[in-house]
Amino acid sequence: MFFRFDDRLLLISIGALVGSCSGLAALALNRGLIAMFELLGHYRHLWWAFIMPGIGAALSSLFLEKIIKEGAGHGVPEVVYSVSRYGGLMRFRSSFSRLISSCLTIGSGGSAGPEAPVVMSGAAIGSNIAQIFSLNDRQRVALVGCGTAGALAAIFNAPIAGLVFTIEVIIGEWSALNIVPIAVASVFGAQVCRLLQGNQIAFTHLQFNIDPAVTIACLGLAVATALISIMLTRALRLSHRVSHHIHLPVWLKAAIGGCAVGLIGFFLPDVLGEGYYSIQAMVEGTFSNGLLIVVLLVFAKILATSFTLGWGGSGGIFAPCLVIGSFTGLMYHRFIEILWPGVAWVNEGCFALLGMAGLISGILQAPLTGMFLIVEITGGYEVILPLILVSAISTTLCHSFEPASFYMKDLVEKGHFLRPRTDARVLADLSVSELVEKDCIVVPKDMKLGDFVKIMQKSHRNFFPVEDERSREFLGLIHLDDIREYLFDPLLYETVFLEQIMDTQVQTVGLDDDLSVILDRMDAAKLFSMPVVANNQFVGMISKATLLDKYRNELIVQTDH
Amino acid sequence: METRLLHIFRNTPLGREVLLQSTYFCKTIGVNPVIYLPEFIKFLMYFENDVAQIDLDGSYLIAPETAREHAVEIVRSQGLPEPNFIEPKNFTASTLPDIPVNFDFMCCPRTISDLSSKIGLGYIGPRVRRIVQSARFPVLIAGAVYKPWKSVAVMFGGSSNAVNAFRLGVRISRLSGLSMDVYTQLGKHSLDYYKDIIQKKNLGNEMDQYVRNWEVFDSGEFSANLYNVPHDALVVLGAYGHGVIKEMLFGSIMEKVQSVLPNNLLIVGPKYQAPM
Numbered sequence: 001m002f003f004r005f006d007d008r009l010l011l012i013s014i015g016a017l018v019g020s021c022s023g024l025a026a027l028a029l030n031r032g033l034i035a036m037f038e039l040l041g042h043y044r045h046l047w048w049a050f051i052m053p054g055i056g057a058a059l060s061s062l063f064l065e066k067i068i069k070e071g072a073g074h075g076v077p078e079v080v081y082s083v084s085r086y087g088g089l090m091r092f093r094s095s096f097s098r099l100i101s102s103c104l105t106i107g108s109g110g111s112a113g114p115e116a117p118v119v120m121s122g123a124a125i126g127s128n129i130a131q132i133f134s135l136n137d138r139q140r141v142a143l144v145g146c147g148t149a150g151a152l153a154a155i156f157n158a159p160i161a162g163l164v165f166t167i168e169v170i171i172g173e174w175s176a177l178n179i180v181p182i183a184v185a186s187v188f189g190a191q192v193c194r195l196l197q198g199n200q201i202a203f204t205h206l207q208f209n210i211d212p213a214v215t216i217a218c219l220g221l222a223v224a225t226a227l228i229s230i231m232l233t234r235a236l237r238l239s240h241r242v243s244h245h246i247h248l249p250v251w252l253k254a255a256i257g258g259c260a261v262g263l264i265g266f267f268l269p270d271v272l273g274e275g276y277y278s279i280q281a282m283v284e285g286t287f288s289n290g291l292l293i294v295v296l297l298v299f300a301k302i303l304a305t306s307f308t309l310g311w312g313g314s315g316g317i318f319a320p321c322l323v324i325g326s327f328t329g330l331m332y333h334r335f336i337e338i339l340w341p342g343v344a345w346v347n348e349g350c351f352a353l354l355g356m357a358g359l360i361s362g363i364l365q366a367p368l369t370g371m372f373l374i375v376e377i378t379g380g381y382e383v384i385l386p387l388i389l390v391s392a393i394s395t396t397l398c399h400s401f402e403p404a405s406f407y408m409k410d411l412v413e414k415g416h417f418l419r420p421r422t423d424a425r426v427l428a429d430l431s432v433s434e435l436v437e438k439d440c441i442v443v444p445k446d447m448k449l450g451d452f453v454k455i456m457q458k459s460h461r462n463f464f465p466v467e468d469e470r471s472r473e474f475l476g477l478i479h480l481d482d483i484r485e486y487l488f489d490p491l492l493y494e495t496v497f498l499e500q501i502m503d504t505q506v507q508t509v510g511l512d513d514d515l516s517v518i519l520d521r522m523d524a525a526k527l528f529s530m531p532v533v534a535n536n537q538f539v540g541m542i543s544k545a546t547l548l549d550k551y552r553n554e555l556i557v558q559t560d561h
Numbered sequence: 001m002e003t004r005l006l007h008i009f010r011n012t013p014l015g016r017e018v019l020l021q022s023t024y025f026c027k028t029i030g031v032n033p034v035i036y037l038p039e040f041i042k043f044l045m046y047f048e049n050d051v052a053q054i055d056l057d058g059s060y061l062i063a064p065e066t067a068r069e070h071a072v073e074i075v076r077s078q079g080l081p082e083p084n085f086i087e088p089k090n091f092t093a094s095t096l097p098d099i100p101v102n103f104d105f106m107c108c109p110r111t112i113s114d115l116s117s118k119i120g121l122g123y124i125g126p127r128v129r130r131i132v133q134s135a136r137f138p139v140l141i142a143g144a145v146y147k148p149w150k151s152v153a154v155m156f157g158g159s160s161n162a163v164n165a166f167r168l169g170v171r172i173s174r175l176s177g178l179s180m181d182v183y184t185q186l187g188k189h190s191l192d193y194y195k196d197i198i199q200k201k202n203l204g205n206e207m208d209q210y211v212r213n214w215e216v217f218d219s220g221e222f223s224a225n226l227y228n229v230p231h232d233a234l235v236v237l238g239a240y241g242h243g244v245i246k247e248m249l250f251g252s253i254m255e256k257v258q259s260v261l262p263n264n265l266l267i268v269g270p271k272y273q274a275p276m
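Residue numbers (our numbering), protein chains in the order written: chain A, 1 to 561; chain B, 1 to 276.
Just so you know, not all the hints are guaranteed correct.
Unchecked claim - Here are the computed lysine-lysine pairs in the BS3-like style, where the Cα-Cα straight-line distance is at most 27 Å:
(1) B:K147 <-> B:K27
(2) B:K147 <-> A:K66
(3) A:K409 <-> B:K42
Hints in this document: simulated from the structure, not taken from any laboratory.
Given only the sequences and the hints, what does the whole structure look like? Please build it.
Right, here's the structure in full:
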């Protein structure tokens, strides 16, 4: 045949569709936010304006909890969880729920970003389109990636960042099978956005002349952004914990958090909303506030973001990271200007860019995403050298203090962060029922030793489960090594019953137990096999040998492209 | 391997009746009941190619302090050992547990998301329909009042799901030792057409060995003919077709049966694979 429409072409074609739909979703959120800002902008100067973020957050929470009935969350961890655990299966409602809820939260002044909501929306679009076409798990995961990349490419007009973020953070696997359709989706997402709202770079900037002094100074900036990243991560978690321990309706907690943001924003308006206007001013070098105000803004934005997201508002941390990063860069620039006034430092806008990259890389622990995102949203390729340095050092330092990124920490702690081709992932894809060996001879407790010896001769196993003949309840196990002394004494054949010599302190496993836990238990007790018991009845044996065999097969399936 | 039935327990008089039906089913065919006592108003079921969010009717969370005790009491009253309870291990969100789907059967009332006042003939809730459509296991839709069944009645219309329903009926008849009847409404096809399907699917022996009576309705309205189905039979039938349009509908036969018969229904969806 001259031409074959194979699976890869199918995936690329559907990926383009998913990328386009995700791009439209991102555009819808963008337009929604602009409309909200225009609508509410007239009231921001009024004394009661501080309650607006509270009302927005409460409405957002009510919408998610009561109307859509979708659990709260940032968006990105939910996508990674679905990719790790369920082959990218996501609910249809997730394709629009976060767009509306985050529009309410951010549009009313909450300190959060629209990127994580569009990531979730795009991922759900990809997942549901995959379900319509009845694709398999691997293809569905690729389409979830397509949705993510298309959405991120559209919201930032940054196709490479969309691709890199998806592979680095969401999928965690650099393979051609994933990269090609995701790249295509990223292009389509960005193209849809460019068609409908023009090809604009998010943050235009001046031309920067990067000299060695700047590169050296970046080392300090990397440390600063790493520290601020760790601070933001911990503030968000603390905020989550505090809010979790307060027993109030979720919408009321969101309203309290939102009002707190409103109060902070009343005095420091730069912390409100996604904050892109402030970033633009900083990148252009026209942000006029002094060092102390900038320091205050860094901490105020951290506080506002913690109150917004930790107390039940809807949105992501991308935009707050960009804002806090640019404040940090500015703060650092002003600080070194005071320390070394004689040095002709590059314009502060350059440090704002580098600060953004440092924060994004630090908080996501994804250095490539940080680098490519900043290069694309600023068009500033000339800062690439210090950008790489800041991103790499910030990620490394953050990793030393926080082994898992903000998004992944909960997943790692619960054992849900399962990257492809890893031990945990292979084990998670196997189940006890697939590994049960059923060729064991079950013996009754009141069998005489002499009868047992005859049965034993027919079996190739060393283990014999013992059960109650009437109730079929599992009572224990006979291991030949343990009863060897009795086996060679024929005098005992008619006088000893199995219940007298069986081991009743046997560790058992259930059909629903995790294989990683079972393996840990086997290692701890130095066992090579364990009985599987369900409803107090013996089901079979599970052994390390069978596990290794199946493990290898599963690994081949996962790595066979 | 252990055969298991999933039951979502509602600690109310209606929930007691449904659990009694579940337990009777388990006892009759030798299945172990596995019970989930909901702690949250919603949960997720991740199927092979679909994820269903089940938003429970508020009555599922009534009196949680006595739910376990009541469930154990009901199961034991039928002479079964203490049941296993599911403790969700995975959560998609903090208040959204994921319930496993690796079961052999599931028991539901006609609706689990809507108010129980809606339960009646002719109504099956959207969530129950979604489960039937996506699950690899058949769904036992229990009547509102406990009533032991004494035979198995299979609705056989010739479709692939009907063939699966026939196989399931045979399995239940074999496991329970109860007799099985098959019901077919002749439409545009003659009886030979249905016999041919049975032969092509290699089910001739099962038909001879397990089926007490194959009742064929060659005239009259199907709804009226359903009067012949015994009041104390477990009705086994297929739901949904395999086409895009058909998957959106329950199937006309299914809709008629569920709106006419008050019996316990065991529904086989399109994803079900019948073990023999």
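So, going through the hints one by one against the coordinates:
no.: 1; hint: B:K147 <-> B:K27; in the structure: 14 Å, holds
no.: 2; hint: B:K147 <-> A:K66; in the structure: 37 Å, violated
no.: 3; hint: A:K409 <-> B:K42; in the structure: 25 Å, holds
Checked against the numbered hints given earlier, the structure breaks only hint 2 and satisfies all the rest.
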